[in-house]
Structure formats: structure tokens, C-alpha cells
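Undergrad: Please construct the entire structure, taking both the sequences and the accompanying hints into account.
There are 4 protein chains.
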Amino acid sequence: MSSQPKDLQGDPALPPIPRDADDDLAPRAVEARRRAWQEAAQGAAPHVFGAPVPFAAARGKIENFVGFAQVPLGIAGPMRVDTSAGVREVYVPMATTEGAMVASYSRGMRLLRSSGGVRARVLGEGLTQNPILVYQDAAEASRAAEVAARSFEDLQRIVAGTTRHGRLVALRPEVVGRRLVVSLVFTTGDAIGINMAAAATELCARELASRTGAQERYLHGQDVEKRANGRALVEGRGRRVVADATIPRAELIQRTRATPEALVAIQKSYTVGFAGLGTQNWLVQAANGIAAVMIACGQDAAYVTESATGMLDLDVDAKGDLYASAHLPCLLVGTVGGGSGQGTAAECLALLGCSGEGSANVFAEILAATVLAGDVSLMAAFASHEFVASHEKLGRNRPQG
Amino acid sequence: MSSQPKDLQGDPALPPIPRDADDDLAPRAVEARRRAWQEAAQGAAPHVFGAPVPFAAARGKIENFVGFAQVPLGIAGPMRVDTSAGVREVYVPMATTEGAMVASYSRGMRLLRSSGGVRARVLGEGLTQNPILVYQDAAEASRAAEVAARSFEDLQRIVAGTTRHGRLVALRPEVVGRRLVVSLVFTTGDAIGINMAAAATELCARELASRTGAQERYLHGQDVEKRANGRALVEGRGRRVVADATIPRAELIQRTRATPEALVAIQKSYTVGFAGLGTQNWLVQAANGIAAVMIACGQDAAYVTESATGMLDLDVDAKGDLYASAHLPCLLVGTVGGGSGQGTAAECLALLGCSGEGSANVFAEILAATVLAGDVSLMAAFASHEFVASHEKLGRNRPQG
Amino acid sequence: MSSQPKDLQGDPALPPIPRDADDDLAPRAVEARRRAWQEAAQGAAPHVFGAPVPFAAARGKIENFVGFAQVPLGIAGPMRVDTSAGVREVYVPMATTEGAMVASYSRGMRLLRSSGGVRARVLGEGLTQNPILVYQDAAEASRAAEVAARSFEDLQRIVAGTTRHGRLVALRPEVVGRRLVVSLVFTTGDAIGINMAAAATELCARELASRTGAQERYLHGQDVEKRANGRALVEGRGRRVVADATIPRAELIQRTRATPEALVAIQKSYTVGFAGLGTQNWLVQAANGIAAVMIACGQDAAYVTESATGMLDLDVDAKGDLYASAHLPCLLVGTVGGGSGQGTAAECLALLGCSGEGSANVFAEILAATVLAGDVSLMAAFASHEFVASHEKLGRNRPQG
Amino acid sequence: MSSQPKDLQGDPALPPIPRDADDDLAPRAVEARRRAWQEAAQGAAPHVFGAPVPFAAARGKIENFVGFAQVPLGIAGPMRVDTSAGVREVYVPMATTEGAMVASYSRGMRLLRSSGGVRARVLGEGLTQNPILVYQDAAEASRAAEVAARSFEDLQRIVAGTTRHGRLVALRPEVVGRRLVVSLVFTTGDAIGINMAAAATELCARELASRTGAQERYLHGQDVEKRANGRALVEGRGRRVVADATIPRAELIQRTRATPEALVAIQKSYTVGFAGLGTQNWLVQAANGIAAVMIACGQDAAYVTESATGMLDLDVDAKGDLYASAHLPCLLVGTVGGGSGQGTAAECLALLGCSGEGSANVFAEILAATVLAGDVSLMAAFASHEFVASHEKLGRNRPQG
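Chains as they are written, first to last, in this note's numbering: chain A, 974 to 1374; chain B, 974 to 1374; chain C, 974 to 1374; chain D, 974 to 1374.
Hints in this document: simulated from the structure, not taken from any laboratory.
Certain hints may be false.
Same chains, same label: a pair holds when it works inside one copy or across any pair of copies.
[Stated by the list, open to error] The calculated EDC-like cross-link candidates involving lysine to aspartate or glutamate, where the alpha carbons are at most 16 Å apart (straight line), are: (1) K1241 <-> D1288; (2) K1241 <-> D993; (3) K1241 <-> E1189; (4) K1241 <-> E1175; (5) K1241 <-> D996; (6) K1292 <-> D1110; (7) K1241 <-> E1330; (8) K1241 <-> E1012.
TA: Spelled out as C-alpha cells, the structure:
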């Protein structure tokens, strides 16, 4: 498998994804797409194409192993993304059983590509863990907070002594009654790094407890872990990414039969709904795209809970074009560790040019661009009142009415 | 594949899951578990055991199909659940790449089983959709609200005319300025039924718009869809399920080295963290178990965002035993439609005795019991400070420190 | 004191509030406004005008009484409101020490009046209390939920037997683990009625506990009481009110130097801020106006926490005019009981034509109109970048730079 | 008026508040309390005792002044607080019309005093403002974020040039799509300082906009202002204060007929309610005490929305005593500026020994101790099921049954 970045800088673009109007699941149609995959990835994807993954690929990833769940995998695109590692054109692998979804994303990607592509950038990174130490009273907790603040560099050294990939980059002690909540932020390289962070947190909490005479100590690392929450939208966790694009008015209307104003009006209406819901997910169908890419790429799909946090912004600019951005402050993804290194997951990451070390930022950027594509596409379908119709046509996976 | 319910009423229980202390991925070990699966399901699971799923199984579930993502699949249990269809003993299939997770759930299931098992019940059901109609001003929106309330039975008839499985069971109009938010609640049989509900919502919204002279109409069905939110915890969506169990003090201490009081103390500490987070997920590792079962069983994993909503309650009762309950108001799962009917998903549902029509409630109840098992297990690991250690030992899927 | 409604239907309007450009606190200036008050209220307001309130007025309202806090009181307006009791023109009494605030509200009221006035309506009413009953396990809690649902009419009778003013109008039982949360909704006439509701809740909870064999019973009436919360925006509490108005484009520009588009753009920007905050108060300065009217009118100012919940909606309509609405689902106010009946409070309510029984709806409608006036005024000040300047000029209550 | 701190260090304590069992509003009874006030404050409080406040006291605090709202004022206590300025014993002035409330606070204060008193400390301080700058796209917003971060010291100088009391102490730029949210944190001395902060924010936003070529600029200072919100609980605003106390088991039982365990059990039950509500106010009746002290002491009562944010923690310690703490991260109060300097407000602040400069921290600490006293008292009333009964007896301000 090859993973070399496809920096375009004027290069020829990826061809459209082959489709067969008669029967898109006919062997010939599937074969054509597999060839497209192979050329884009500069290598085959034998496990995606049907070869059983060997048992050994599951080592350290699961207990009581019995086999593999096989989840249908499609590709969306091509998508053009200006990433931190240069401009890339990619097909995006998505594993799902929700009919019409890959088509929706694919339509959005083509629309954004014909508009010049998406720009996406990681703006920040950090895996927060919040252990709690308990003291006799608030006075002791306050003293402990000062000790904690002064211990930052010592704790950094302790963490540095136990892991090559993780670094403690911030510490914020907060007194809540007789409890001291210690927010620790780690960087974790190209892995999500939760096990590393939990181990480091245990060390830090134990050290602080000993320095301050805590009565109780709760690793409590799980508190933000895999949990949608209000702080997520502001503080972020994992990788904080922004993706944006400008879609020329004519392009939008021609491809989706919706105007920029119609999309903006829908979003204004959404505001009423989202405010009433009390949600931190102000995107549209982010959970769909994130879950599908995560399953394809060997990510921990439980993180879709946190990752589907953010905001979609739509504006009509001075020229009447549509400006669209997706703010995704909590993308919890990795290209090292977890399920990323073997089998179909490794093949999917290779298709994105995101294999292994040095790839996590680009992977997060591609994921953010994917979310933007899906949200613009779905909003356009809402605007043109084509949403239900397209599900009627493509989604044949439901019980007959 | 067989799906007959395994009502125990005194029946012999399932045997422990075979494990191999030397190499649990050795062919012999995997084979032993596959035999256990086969006996429990009263039939083989060829696709889980390695046979490629045919392309046709993906029909209506995905576009631009290229193959299948293969996700490692393990089984946890045995778990004993008192469901609405009788007492069942099951192995629970979980697809994940997070090392130590299946072991954690499995330990919790065995603990609960040796305590007499979990009781789980669906308490309610309903798939909410909230279309928005916009009027000239609040006076017109108020008049429209009255029309909407009066139109409930007409809309029920309209919905009944388009679907056999879905029913409109409630309608609540709410005026917000000049907007009318119409909360529609559907029952959808054994399917999640979102496509059905969206189509019915479109019909209802169009009818109401026409009766009331709305200026604009937003299907807006997506507003709660796949979005963690504050209303979810109170109103619920999909299936509302409760699971509970009482774990004898001695049993808990012997199996986990943790006391009931230690678990309750941790949960009290969590309260500080969860309140500060502003989360609707007051469970512990619910997202893990839900995502893993969803992927195994052909569910739409994007729904983990909503489904991982709820509360874990732990109490020490008068006898010093641990009472534990999981409140899960938003389980969005189905045994009909979606990805449930083919390939490995169908085999996993069969293992649970939850194939097809009439099975969605039991499936939701088993899922709730699974969440309870995982949360009790993880809390006990936290209480005995064994969490990090167990990840060090089992989780070998991370980059080397 | 007179309280007769001032139904305008073509009547002459209230004169502008007299002001003195040189020294607005000069006796002559204050005297002129007091005459205006007297004419509007068709009676004097001796306590507002300086006569000490007798001790007896404090009976039942406070313990350890030592005297009266004297809070500066101004009037804003005139405001024209189309209420459920006809069109009214009023001066609105506001007690505050925040310089520039009354002027801001007054400007907004005059703007709305010259645009034809505000329309405001109570849409619903209900004081929720949520007692909790605890059972041995979830099975018993579920059975108790059924008993509770069946006991609704009995409980209504019990409540009716203890109070003339309050009625139990809804009951919703919700099982959360082994707890049963019983949402009780009361109507309370023209009083806020929290003491009545708490007493009735105690009776209902005791009765249900006895019918169902609850182990524990928590009156827990306070749980929503005086607490900003996410359910408030959707469910409402107290009186749910909508106020709206259309402001002609030319009128807005001439009076505020801001365009409709500028106000809408600010609100769009606010969305980013409010979403990130996780707030249920999507209004602008609602807390200011609500607190000031509450203090003037003898309301319980602690309710500003709940009452300042809602949404401001701004739109440019087809003619280029500004449509503005305020959604206030939780106005907790009364014209009977509490501090409403004596002293300066009674005089302020009389100025609004809202004395005693039958007035609570109109009072809530006037309050909602006041909130709308203040929010439009402040948004216009933001739009014209005059906010800081006006505080520099009017607000002389801060320490010198 | 005297404001000298009453550092106790062994001093004789304040006498109990005089009460008259027959008629507590009889002139003799009121007079006795006024003498107690006078001795505690070492000076009279003529305006509290009935003398009309002169018009001039309203200068800069209100427009269209007509007189004063007179709100019943009582005193609670004595309360003993270990503050940052030494141990103090105080009577706490509360203005309210909610019968039974002052008695409830007073009971709590006496309970805490007989347990050795409350300790309270300001842990941090900062008035946040979040202006928003808008750029062409996310790339420009990202560049602007870097400029903003680099401009911190320049902005500090600019702010320092315009105000003696305020300081810019932190700046955090956050990119959200093409918007840059600039969190600015100010310290403001003993004033709340919102006008100062708004003016400084305007300067900073204008400067940053000019340095970075922003397309639009929203002062947006109001976004957190007077708005309950989720960030408040974690980030705090104004003064962050903790108050705690340990109440000997016997003392609690004797004075309230409730056990420590009963209070802890109620709080556990509250958790279910508060989680479901999605609230940031995990205290019990905080809004009551804060509003009443704010009105008495010339504070801006609209800030009760933000100030009533926090957590009550109750624990049974190893000796069986009750540990209680109140976490109040958003106390927005001042002893300089606003309504604090004149009339009854100045007299009330003097009673607390908190007049003018150097007093804001102690005032915030006394307020936090007051909140703790009220919450412990009310929880004890709930525990002994005396809540409704006490309102029946004391609260005579409601309509008759």
C-alpha cells in the first residue's frame, strides 16, 4: 500500500467515480470503482475487495474474537482539499448502511470541487483529562491548587519519562468546594492516545495527591471521554479543525436547484430548533459522515459522540456567492494505533494518503472537508425540497411502507 | 439462521465463553468460540466466520459500493436478561478495535449474571420530527397552532394512508415568534423508521402549511436527528429503556475488589464533572458498548450520538448490596430495515435471538443491559484503581510509549 | 388607586414623558413626570413620590423587618401594546441603578409605538413542580408510573379541595431507574402561586407515595424553581408569552441610524456566541428589563433567573421592514399575592392598569412588550455603534476611569 | 457611616436579632432591631429607617426618575464568616417580599455560626467580554488570531491608558469559521466595571479590526452579560468564590431535626432532576439570597441570572458530621460604582463593613457564605419535611386558599 501525498499543484485531477445507471452493484460496476481506487491509491486494497483479514490483525484490539463484521463500503468524491500538507484530491471511503448518504456526500464533494475545492486546517490539538482530588475542605483544596500550578514542569518531566509520543502541554487547577479538578491537556502525536493520556493522568494525579495530601483521588479520566458536552464546542478536544469554501452562485443553482439565500434561510430556521434543543452540534448531518469515515478507517466509532460537535456557517457574500464553513473542534481521530494499522482500515487510510505517522492532521482536515461537503449537500436538498424524494429513490433499505 | 427466543425459565444456562490463556487469537481458540456461537444461535454465522458477504446484500444501503470494511468482532457474556419476551441468556456481539473493551463488558455481564441477571424493559417509544412553519406574524402563528391541534386526527389518517408500519401518535404545536414548531411523534414498528417518518412529516407539514397559509415550510426533520441534545434526556426518542440489577455485596467485592460504597463515591465525584460539562450523557462508557453492538448488528452508528444519552444510578441498599440502573431514553435501533437484514449483521442479530419483526424491543432491552454491564464493570475498575493496569495488559493497539 | 384598563380603540395617546435637558433630576423635572404618572394612573402614587410605606405593608412578606430598601424608580415609554384585554398605552415603571437602561427601553418603546405598537399575548400557563418518589427497583417504579397516570383525576380533586385559586392541569410520570419523577402542572390564577403549588405538590406526592408504596419521597418542588435551565425554553413555566411588532424601514433608520439588515446581521453573529455559551437566553438585555419591572412592581426578583429565558427573532420582510418578536416562555409574575398588593408595588401595578385579580395576563404581556422594546433598542445601538457612547454620556454611576 | 472591618479574633460576638413573638412588626420590635443594626454598624441607617433618599442620589443611575421603589428590608444572622480580611460577624440585609425566606437564611446562619462559622474566599476574578471580528474566510481569521495573540501587550497598554481601575489580564482568540471570537478578561477593582470593560473592549476590537482588516466588528460585549450559560460554571465571571463549613452532627440534628445522611440523600435525588434540566445552577435557593442581598446593597439585580450559577456539595465526613460547600464562580457584585454609594444601599453595605474601595472581595465572600447558609437551611427543611409547614406559618403574602 502506498501512502504518498498527492500534492496537486496543477496535477491532473482524479476522474469521476464510475457508476452504472442500470445496476450499480453489478460486478462490472464494482470492478470499475475498484480500479479507480487502485489508481488513486497507487496500490490494491485486497481486504476491501474481499480477502478475509487475518486473525492476527485483531491482536490487541479486541477480546473474545470470533471474526469480522462486514460493513458495506462506498467511496465519495472526488473531493479537492487544500490541506496543511498541500492540495489533495481524494476519494473518501465511507462504511454505512444508510442508503442515499454516500450519494449525498459525493454530490457535495463534487459541488465544492467544481467551486475550487475546500480549504481545511487543524487549528489546535489537545486531549483533555480531568482527574479530581478531594481534600478535607476548601482551604486545603486551594492550597493544593497552588501546588498543582507550581508542579506543571515536574509533571511534564514525569510524563516525558513514560512516553515518547505524548506531551503534557497545559495544566489548569480548579477548586470546586473541597475538590480540585485538574485539567490536563496532552498532545499525542498521530494517535488518539487515550490510553497513553490515561496512564499519564494516573501518574500525575498520584504525584499531585502525594504532594498535597489528598484524601481521595479519582482518575476520572473518562469524564469528557466519548460524551457530547457543552464545553466541547468552546474548548475542543482532540483536533480542532476548520473547513471552508466559497461556492459561486451559478454553480450552486445549477447543480442543486437551490439559491444561496435559500440555504441561509434554512439555517436561520434551524437556529430556533437548535437553541431549543440545547445541543452542541450545530452542524447538519455531521454524525453521518464522521461515523462512516471512522468505521471505514479503523477509528473508534464511539468518538462520534464528541466529534459531531461544531457549527456550520452559511453566508451570502457581496457577490451573491455562498460562503460555507464547518467548525469542528473535537475531531478525535488517529492514523497510528487503535484500529488504523491493519486490514481494511489501513487500506482506506492509504486511499486518503493518510497512512501512519505524520498523517493525523491531514486526515482530520479531510474529515472536516467531508463534513462540510455533506452539510452543504443536505442543506441544498432541503432547500430544493428534494430530500424526501432522493431517499425514496435511493434508500431501498427500509421496510415497505 | 434461527432466531427463536431462548426463554430460560429454569433452562440450562449458556456456557462461559471459551478463552485461551496462551494465545486467544490462535485458530483453536477462535474455533472454540465459533462453536459456542453456533450452539447459542442454533446455526452457523458463515459471514462472521469469514465468508465474503455478496454484493447484493448492500443493495439500497450504500452508493458507489466497492466492498466491505471488516471490523474485528468479539462476543461478551454470557449475559442474563429478563426482557419483555422472557428471560434470555445471550452472548453479545461487539465490533470494535478498542482493546480491553469487550473484556470489560464481558466481566460486567458475568458479574450481573452471577447476581441473578439484569431486568430491562422498554418504557416508551416514539420517533420525534419537528417541522417548522413560518407565518407573517405571531398572531397568524397562534391561529395556525390551533388549526394544527385540531388537525391531529386528519394527519393521522394521512399518515396511515402512506405507511403500514408507521403511526402518528402525538402532535404538539409550539409558537416561537412567528414560527410554529410542530412536534410530531411516530411509532415505527421494528424499524428505526426515519425515512418513513421524514416522508410522513413532509406530508403533514405540507398539509398544515396549506391549511394555514404558511409563508415558508421547513421539513427540518433533521433537527433532532443524530444530534446529542438536552431535550433527549427528558423527552427521549426512539425507544426509552430502563435496565437494573442488584449486585450482592459479597459478589461485587469478590469479583471486582471494589465495595458498593466505593462505586457510589466515584459517581458522586462524577457529578461535579458532568454538571460542569453540561452533558446529557450521565452514563460512563455507554458510547463504547452502543457503538460496538450497533456496528456488529447493522445499525446506523451515527445514532450513537443520540443513543448515548442517559443516567447511571448507583445506590447502596439497606442490606449493603449495590443497586444499579441505567436509564436510556433514546435507543435508536431496529431489527427491520437499515443494515439489519443481511450478512454479518443478520447473523449477529440472530445470535441475540432478535431477528426481524417483533424483535426491536428485546434488542433494545439487551442493549440497555449491555450498557449497564459495561458501566458497572468500568466503575468497579476505577474503584479498584485497575483501569490503567488492565489497559496496559490488554490494549496492545497503541503506539509504543 | 385606579386600575381601570385604558382600552384605546382610537383614544388619545399618552403624552411623551417630560424631560429637562438641563437637569433631569431638578424638582421641577421630577414633578412634571409625577403629574404625568398621576394623569396616566388616574390617581397619585404617594409612596413612589416619597411617603414612607407603613410597616404593616411588610406583613407576611419578610422576617426581621427593619425598614425599606429604596431603589431609584423611573418610567419608560409611552408604550402601546395590543394585549388580550385591548390596546393599552402605558408608562412602564422600572427600578434600577444602571444608568442608560431606562433611556434605552424608553427609546425602544417610542420606536415601536411610532411603528404602530407591539402585540403581545399569553399563549399558555402552568407552574411545574417535579416531586420524586423512590422505589425498590425499576419494576416497582414502572408500576407506580401507571398508578400515577390513573390517579390524575383523584389528585385534581385533592388539590381542588385545598385551594380556590390553583388547579392541577397536567400530570406526567417519568421512570428514571428506580425513581419516578412526577411532573405536575398547576394553574394559579393571578398569583405566581408557588406556595400553593408546593403545598398541593406535597399532598399529591404523599398520596401517590401511599398508593404505590414508595420508599422515599422528595417534595423536590424546588428543582426547577428559580433556576435557569434547558427545559425552560421548550416547556415554559409560569406564563408563556409572545410579543411582536413590525418596524417600518424608514422609521427604524430615522430613529436609530441602523438598518433592518444591520440588526439581522448582528443577531446572526450572536448565534455563534450563544451556541458556544450553551444558554437558554437568546434575548439580548431581557434580564435588565425584567429585573427592573419586577423590583418596581413587587415581584420576586429571584425569578429573573427563569424569566430571562427566550428568543429574540429579527427578520427583514418582503417590504424591507424589520419584523421583531420576543418569545418569553417563563414569565413568572403575579398581580395578586407576593409583594404586589401594597406600597410602591401596588402603585406601579396601578400605573400599568394591572391591579389585582384578572390582571396577570395583561401584566405579563406588557412585560413581554417591554423586553421586545429593550432588545430592539439595544440591537439598534449596537448596529449604529452608539452603545458605548450612550453609556459614556448617561451612565455616570461608575468609578471615574 | 462607618465601614471598619470587624475582625473578631476573640471579640465578643453580635447579639441575636431581636424578635417579638406577638407581633414582630410592632414599632417596639422594629425599633429593637434598628438599635441592633446601629450598634453593629457603629452608626445609624437613616434611609433604611425611613428618611426619603434625596433625588441627587439617583444621578447617573436612572433616567426619567420619579421616586423610589420601597422594598421591605430585613436582616438575617448573625453570621460568622472567615473572610480574606479576617473573621467577621455580620447581620445580612435582605430586601424581599417572599415570606419565610429571611427566616430560612437566618436559621442557616445561626446553625453555621454555632458550628464555628463559614470560611469563604475569592479564588479568582475576571470580567469576560467576547467581541467578534469577521473576515473573508477562515484563512484570514486564522491569520488574525495570530495577530491578536501577539497584540496582547499592546492592548493592555491601550486599556491602561483609558482607565485606572480596569486591567486587561487575558486574551484568547478562537477561530470559528471566518469569525474570530476574542475572549478578553478584565479585572475591574471593586466595581463590577461592565461599562469600563465595554469601553475597553470597543477600543481593543477596533484596534484589532484595524490591524487585521476585519470586514465586520461586533462589540458583542453583551453575549455573556446577564445570561445564565453553560460556560459560566466552569470559566466563571466576576468573582469566583468558595464557601464551606463543617456542621457537627449533633448540632444539625438538634437545630433542624435532620441528619447529615438525609441531606446527602436529598442532594443525590436532586442530581436526577438537575441533570434532566440541563442547568448550571446546582445550588438550591441561591437566587433567593443573591437577589435579596443585591437589592438591599444597590447591586444590579439583573446579574442574579449569572450569579446564581454554581454547586452545593454535601458530604458526611469520617466523624459523621456534615461537610457543606458552595461553589459560586460568577458573583457579579461591587462596592464601588453602580448603585452602591448612596442611600439605603450604602447603609446596607456599611452594615456588612463593606463600604467602598477594598471591600468587594469581602462582600463577595459574605454573599457566598449567605448562599451556603440558605441552602443548608432549606435542605434541612426539606429533609425534615418542614418546608411546606414553615411557609404555611410565615408566608402570609399569598392569596387565601
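Undergrad: Compare the structure with each hint and give your call.
TA: Outcome of the hint check:
1. K1241 <-> D1288: This pair counts as both: shortest intra-copy Cα distance 11 Å, inter-copy 10 Å.
2. K1241 <-> D993: Cα proximity of K1241 and D993: none, with 38 Å in one copy and 43 Å across.
3. K1241 <-> E1189: Classified as between; 12 Å across copies, 48 Å inside a copy.
4. K1241 <-> E1175: This pair counts as neither: shortest intra-copy Cα distance 45 Å, inter-copy 19 Å.
5. K1241 <-> D996: neither (39 Å within a copy, 45 Å between copies)
6. K1292 <-> D1110: between (61 Å within a copy, 14 Å between copies)
7. K1241 <-> E1330: neither (41 Å within a copy, 40 Å between copies)
8. K1241 <-> E1012: neither (42 Å within a copy, 45 Å between copies)
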